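Undergrad: If you read the sequences in order, they're chains D and C. The first sequence maps to residues 327 to 821 in the numbering used here. The second sequence maps to residues 63 to 1098 in the numbering used here.
The set of hints was computed from the structure by calculation and includes no laboratory data. All of these numbers come straight from a predicted model, not from anything done at the bench. Where a beta carbon is used, it is the ideal one built from N, C-alpha and C, also for glycine. Be aware that a few hints might be false.
To be verified - Estimated spans, in silico, between C-beta atoms of each pair:
hint, chain 1, residue 1, chain 2, residue 2, range
1, C, Thr827, D, His352, 28 to 36 Å
2, D, Val340, C, Arg560, 26 to 34 Å
3, C, Thr827, D, Ala354, 34 to 42 Å
Stated by the list, open to error - If you want the footprint, here are the derived chain C segments under chain D, 3+ residues with CB under 8 Å:
hint, stretch
4, 696-704
5, 743-757
6, 943-957
7, 960-968
8, 997-1007
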Amino acid sequence: MRSRSALLTVVVVVALLAGGGWVLQHQAGPKQARALDGADSVGGADDAPSGAWYCPHGGGKGWTGQVAITNPGDTDVTVRVASMSHRGLQPATTLTVRAHSRTEVDVPAGQREASTEIEYFGGWVAAGWVVSAPGTPAGAPSPGPASPTPEPTGTGGGTGESGSPSQPAVEEGVGADPCANGAGRTWYLPDGSTIQGQEDYVIVMNPFASEASFQVSFVAEARVVAAPGEITVPGGQSVAIHANKDDLGDQTVAAVVTAGIGRVVAASLGIDDAGGVRSDIGVPTLVGDPVIPGAGDAGGTEIPFLNPSKSGITYGVDFLGADGRHLALPHTQKVGPNASRTETLTATGPGAVSLVASGGAKVAAARRTLGIRGDEGSTTAFAPAHAWLLTSPATDNSDSTEVALANTGASPVTVTLTGITDAGPLASAPVTVTVPPDSSVPSPAGFLEGTALASVLAVSDGGPFTAVMTATSKTRSAYAVGAGVPIPPQWVPAG
Amino acid sequence: MAHASTTTAQPDATETRRKEPSVLVVLVAHDGLPWLRECLRSLSRQTHPRLGIVAVDNASDDGSRDLLEQALGPDRVIALPRNAGLPGAVQAGLKVDAAERADYLLILHDDTALDPEAVARMVEAAERVDGVGVVGPKVLDWEDPRVLREVGQSTDGFGYPYSPLEEDEIDHGQYDRVREVLFVSSAAMLVSRAAWKRAGVPDERLDPYLEDLDFCWRARLAGFRVLMSPQAKARHRSAAIRGERRDGVRVDRQRLYAERASLAAMLKNYGLLTLLWILPLYTVQALGKTVVWAVTRRFEEAWQVVVALLWNVAHLPGTIRRRIRAQAVRSVPDRAVRRYMAPAGLRLRRWADTAGALFRRTEEPALDEERPVDEQEELVLPTLGARTMSLARAHPVATAWAAFAVLAFLAYRPLWGHAPLTGGALPSFPAAPTGFFHEFLSGYRTTVLGGADPASPALGMLGLTSAVTFASTAVAQKLLLMALPPLAARAMYRLVLRRTNERIPAVAAGAVYGLSATVLWALSEGRIAALAALVVLPSLVDRLERGFSPNRPGRPLRFLVDAGLVLAVGLAFFPGVILAFALFAVACLLVPSRRGEARGVGIVAGAVVVGLALAFPMVLASFGGPGPALHSTAGRADFASLVRLSPGPATGSWSVAWFVPVAALVSFTLADRERRRTGLRLLLVSVAGVTLAWLSAAGYLSAPLSNPTAYLAAAAVADCALIGLGVTAAIEMGRRAFGYRQLAGIGVSALVAGGLVLQAVEAATGGWAIGTNQESPSWPLVASADPGSDFRVLWLGGPSGDPFPAPGGDAITEGSASGITLRYTVTDRNGASALDTGRGFTGDGYRYLERSLSQILSGNTTHGGALLGPLGVEFLVAGDGDLPREARLRLDAQVDMDLVPTSGLVIYRNERVYPQAGATSQRDFAAASGSTDLLPVATLPKFDGSTLPPVAGGFQGDSPGGVALLARQFDGAWRLRSGGHDLLPARSFGWATRFRAPPGPVQITYAGQGTRDLEVALLAALWLAALWITRKPVRR
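Please build the complete structure, drawing on both the sequences and the hints.
TA: Below you can see the structure in the form of structure tokens.
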């Protein structure tokens, strides 16, 4: 090989390296990594579906609590239910929730910070809580089942409780909401008020073995009050923070829980000393243009919301009825950065409220309503989904329940509602409801008549929608609203 | 200096009139007939007037005795019945009556011929200088009297002889002055009567080597001077050293004789205080020397050192007796003797003196002022730079080592000090060398997920290295990191030297290789195994090229075994080296030599067979399950980076590193006809190596073929060898007409020189991933957790070719689930371990780990802790920002894993971890462990049982009754002993080991150790045989 041919070879090599290298690097690129063993396994030996629900439902002296666990799937699911308070984690109860059925488990609710952890294995279940204040004076015998945990003395919370429980003389009402399906570092709790006659609590549970440390900021309309210092919760315990201790006299006291160490779950518990209990799970993420359906209420609606961002927003409120969207509050309202606000409006008939923020700003919002027999109900806003499982907020099968559906999409959605009772799916055929665009429609009258405790599986055949379930007691002042939980796509029952 | 001149008294009339001293010559003969006649003739011509001769024949059978008797008469010949050596012969000679009357004794070898004036001059020197006990002549070569052979000798502090003479130094009077020295040769040694009476006779045990050192040392202790008189000349045949006597000194045992005599002389002649400090130093250097020789396969020399030590131990009583005698006549302190010894580092100083002399000449032109102007112009001396180049050209290897010493001093600064090294991908070493040996001998794997795959022979080597570095594994670790890069450079030097026979190109190639981005990357990240591969690969290529060359290698069996041995060393440390070897072999087949393909194929096949045989347990294991780790995940899929030989970010991987491939390409165009095929092969390997490295890193090659480091190492070797060829061609350019080749040659030289300088500066000033305290500040949260208990750590990160944060080491593999791609590895609590050198991470346990990870990443489960519990994984660790966001969310969702508050690392602690060995009565565990399904595992509650702590050979503790779980990959050789019965194991969780465990004390033992013992014995025999076959001959 002479120099010339050697040079030619080098030129070819350089060209190959440069061209080939460019093609490999920029056209081919690194190959997608191989699938891990068992990555595609569904239903086989490698399939180990499991999850957990965290229910920081709270409670009070003489209160009773239930968690309802609903299995919409085709296989039985094993669940493990354990209660916790500031005294730690109680021994777990293991039970099986049969396919297409629900189970109700009594849980201790005798303490403000009472919380429940539900682990499930082998399928997917939804869980929600119902806590009930009996309406008896403090100290009077509780009408409900005996609480296995001692009643609180002195301060009602665990480590870090910043306020005295100062329970009102009479606590009456029902609070309900779905449990949270995961712990996190940030929780937004938009529904809180510390005006006279309102007691507001933040219930924080730490379901892990290691201690968690968090801060609570109470965001009122014009100020932010941080609860003093970091609050530490040992592993397997929960605490209740009394907002009135730090912020008194504000119509809106939203709370932001930020965990510096570990992960927690938070909910708000509001008690009206005139009678009324509201219980809302916190939301870990903000929602744009939140829509919250409602039904069975007395007409008055309050929309507390929180803007935790660093810039103010302009917003308005629309009302979505069966006949479409109506302006309820001009879209020129303003709220400052890191501030909260409560908007009040009177709705005529069932419908959804929609908080419309300019620029797609995201907020944490709730809807607070009053039952026709008294008692308050509220629920937080979630993003629309294609399938929901609604756990009944009723305390008795004789209660009156309604499912409210809202569709903010441009096309109508047809939603199939299936009741799921302890004994399995309702004998009656599933109900199909069509929700027009920008509308809210309640479930047909008589749906769940006599089976108010039944959970409802709501599945859309098209676009996403929002759903809540309300319950009104026929015998006492008890009204509750509970949002549904979105069903993960792989667990949406076929057909 | 070792030699001192002595002043001589001026002769006066009184002295010249004085009666001449008598000299008795003791001529020691032993089969020296070829030279004896000349010796006798020289004696007969001596001018000294009073000379007596007695010959002692040491049982010669070549006619020497007859000649002596003819020449001297039978009365003056003492015939010894057996060879008593020189000391014995001298002692016999001293028994004659004349010895009692002689003033001087002249010990003379039968292969020494004296000048006529020699005796007279030696006597004259002895008489004129006060206190002289011993005088020796200037010794010249027997055949060429212009060549100096001895002008008096010295030793270093350890008694090793040192001569000021260069090899074949010509005598032009440079040593013509009376010199006071430590000792003179017994070839012709004049000893005063007082000296032998006081110091005694030569030690007969030290025959046949350096008995003269011991004798002269004793004479000096007794207060006598030892002189070399240049006026006295002698020619010496050195027949014994040349091996010319029929049953004389065994030439190949000179080291033994020298070592034993040196040590014996030290023990006898040094004072106690001196011995106290010099003996430990001697021991260290002897040990180091032995190790170096053993490592370089100079076994016979290493063995001779050991035998010499043993000889001295065995002869200690005799040495002590002689010591008492020697010390009894001591009249001077040790320091008076040590003045005549050579200082430490003499060789280095001599080289520096040579260099200094060259530079000092710059001052000499001052003398030119006295010269005519024309002459001054003619005598203009080279510039300093030119002299530097001249020095470097004259001593390229020494210059390279000196440059390396300076560079190493700067670049290795993070490695100095006593603090242990961490960082990069550096594997942790066990606390003691026994850790390596235990693992090597163990029948089961004690690391990570266990199993029965055997340990690599590399552990034996690491253990030995640790043992000889003061039994400190930390020192061994640093030593390896510091020594392997220069060794790699040296291997490249030898490869190119053998191809070109030119030292400068070989040095250049070695330096480029040592400073290549690949080597610096491996050093920076503490990749000892990769560095070992980088050392081995040039040696392998050298053997491969020789195998395929037209010339048949001499001693084919030795060559084959040697190649196999080198391959086995590479396989032991870095099994992927076989991929690089295969790449070169394929290149040799594609571009064959004119002759030798068939032989080359045979040699490659033979070498592979030998190499595999020397690692046969690993090979056998690979057929039945877990095998050696051919593949590696280290290295980024960055083509431009790989072309410049950098697998990842590290010091030296900057843009300057482009000089290597560029210079290699230009060098290829310079290859002449002789080396063109070699050049083409190297070019092929270079291009293929880089491409395969990228394909490996990018995940296109199957796991057993995927090893970016191995392919890049091949490319680095090829590039540097090409550069060697190019520099050779550049040096040879001067003989050809000016043209492209000259320009290209200049270009290559400039590229290499500039690149080397910049790479060296970068290496000297850049930072290394390894060093002291290179771990994340958060790591102690894991390292110090649960003291005394064993647990495992699962390391996670996004897809990349980088190691995990220290001490996580490299990923086992990459994989994806639900669109989330992760790389992961699992380690023991101390992180990546050197005990896993050369071993893979495969088996059912790793499959179980993947299944569990899939469930976690897919979001299907929130009980990842329970799934990882059987693996003993207590912590999940990821680098801050290294974990994909989706993966982080999935992990956050796990209900049984606590997020530990840290910075720098993301750490989750598993609430549901089990002990590595434990027993429990929980029924859920008995049921779930019997299944391969994950769901029952996910439902398991927290482990509530007893831990079975590890003991020698297994685990032991109390069982509550139920099931005993061993978090090690299943092996049927495990047994649970309870109540005197051995219970057989069953698989747990589809991969681990479990037993039915009755209540009470239980012991889990391994019953398969015997097989491993046999394997190790056979392996040891094979290695010893291979080492013996490939041993290097003794240097003369």
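Undergrad: Compare the structure with each hint and give your call.
TA: Comparing the hints with the structure gives:
{"no.": "1", "hint": "C:Thr827 to D:His352: 28 to 36 Å", "result": "holds (33 Å)"}
{"no.": "2", "hint": "D:Val340 to C:Arg560: 26 to 34 Å", "result": "holds (29 Å)"}
{"no.": "3", "hint": "C:Thr827 to D:Ala354: 34 to 42 Å", "result": "holds (37 Å)"}
{"no.": "4", "hint": "696-704", "result": "holds (count 4)"}
{"no.": "5", "hint": "743-757", "result": "holds (count 6)"}
{"no.": "6", "hint": "943-957", "result": "holds (count 3)"}
{"no.": "7", "hint": "960-968", "result": "holds (count 4)"}
{"no.": "8", "hint": "997-1007", "result": "holds (count 5)"}
Going down the numbered hints, you'll see the structure goes against none, and every one checks out.
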